[in-house]
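K.L.:
Full structure from sequences and hints, please.
Chain by chain, the residues:
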Amino acid sequence: MATIVEWIAVVLALAGAIFCAISAFGLIRLPDVYLRSHAATKSAALGVLFVLIGAFIYFWVVDGIVNAKLLLAIVFVFLTSPVAGHLNGRAAYRSGVKLWKGSVRDDFKKVLEDGGKSAPDTVHEPEPPKRP
Amino acid sequence: MTTVFLSIALVILAIAVLGCAYRLIAGPSRSDRIAALDTIGINLLAMIAVFCMLLDTQALMEIILVIGILTFLGTTVMARYIERGSVIEDGDDR
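So the sequence lines, in the order shown, correspond to chains A and B. Using the numbering used here, you'd call the opening residue of the first sequence number 1 and step up by one each time. Using the numbering used here, you'd call the opening residue of the second sequence number 1 and step up by one each time.
It should be emphasised that the hints constitute simulated quantities derived from the structure, not laboratory data. Note that beta-carbon positions come from the ideal geometry of N, C-alpha and C, so glycine has one too. Check the hints yourself; a few may be wrong.
Example chain A residues on the side facing chain B (calculated, C-beta under 8 angstroms, incomplete) [stated by the list, open to error]:
hint	residue
1	V10
2	A13
3	G16
4	A21
5	S23
6	A24
7	V33
8	G47
9	A55
10	V61
11	G64
12	I65
13	A73
14	R105
15	F108
16	P129
Derived Cβ-Cβ restraints for the label pairs, each shown as a range [unchecked claim]:
hint	chain 1	residue 1	chain 2	residue 2	range
17	B	A26	A	E6	21 to 29 angstroms
18	B	L54	A	L79	24 to 32 angstroms
19	B	L65	A	K109	34 to 42 angstroms
P.N.:
Right, dumping it as structure tokens:
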């Protein structure tokens, strides 16, 4: 029984490592800082959560210890990784990094132009882009 | 046998860190570099967790927490510096 759960923990760690590698691949290949932070924030956080949950299960089964520090790290990564990505994307936009030329929609530009009067939830749905 | 799988996971994570290091060096804007540094920190956290399982020790768990906190703080401070030009501002403007 303990061996099976140990194997589950190891496979979780391996799956998390593969998710991290995929996110690094997206960080290399995607064309734009916004798309790149899309890859870097979400899938890297998912991979790290897999690895940490695998380690938690491993120590729980093998040593019989519920490690509170590991639980705290899981919660902390889950909370702070999207926040850091959001801050970084907003800083990139406000410091003037251009969007990729294939981007079709830019809501934050409208909000910046009229001084924040149209909040993002009141922005109407724009016309769908014309396909040539 | 689990040792082999954990070593493979460690190698994959090292390759991921190398890819992020490429974006850290070659990134066209500063925000690319910040995103790459954030991802490197988070991958290091995962590497230390795998290393704990490999060595079967609990002694490195504090390092996981400290690296998580330092990565988040560093990303926040650098993004704020890029956005406003200063990290700690005077009291008048919010």
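K.L.:
A separate judgement is required for each hint: does it hold in the structure or not?
P.N.:
We went through each hint and held it up to the structure:
no.	hint	result
1	V10	5 angstroms, holds
2	A13	5 angstroms, holds
3	G16	6 angstroms, holds
4	A21	5 angstroms, holds
5	S23	7 angstroms, holds
6	A24	3 angstroms, holds
7	V33	5 angstroms, holds
8	G47	7 angstroms, holds
9	A55	4 angstroms, holds
10	V61	11 angstroms, violated
11	G64	12 angstroms, violated
12	I65	7 angstroms, holds
13	A73	5 angstroms, holds
14	R105	20 angstroms, violated
15	F108	13 angstroms, violated
16	P129	25 angstroms, violated
17	B/A26 <-> A/E6: 21 to 29 angstroms	40 angstroms, violated
18	B/L54 <-> A/L79: 24 to 32 angstroms	27 angstroms, holds
19	B/L65 <-> A/K109: 34 to 42 angstroms	39 angstroms, holds
Going down the numbered hints, you'll see the structure goes against 10, 11, 14, 15, 16 and 17, while the others check out.
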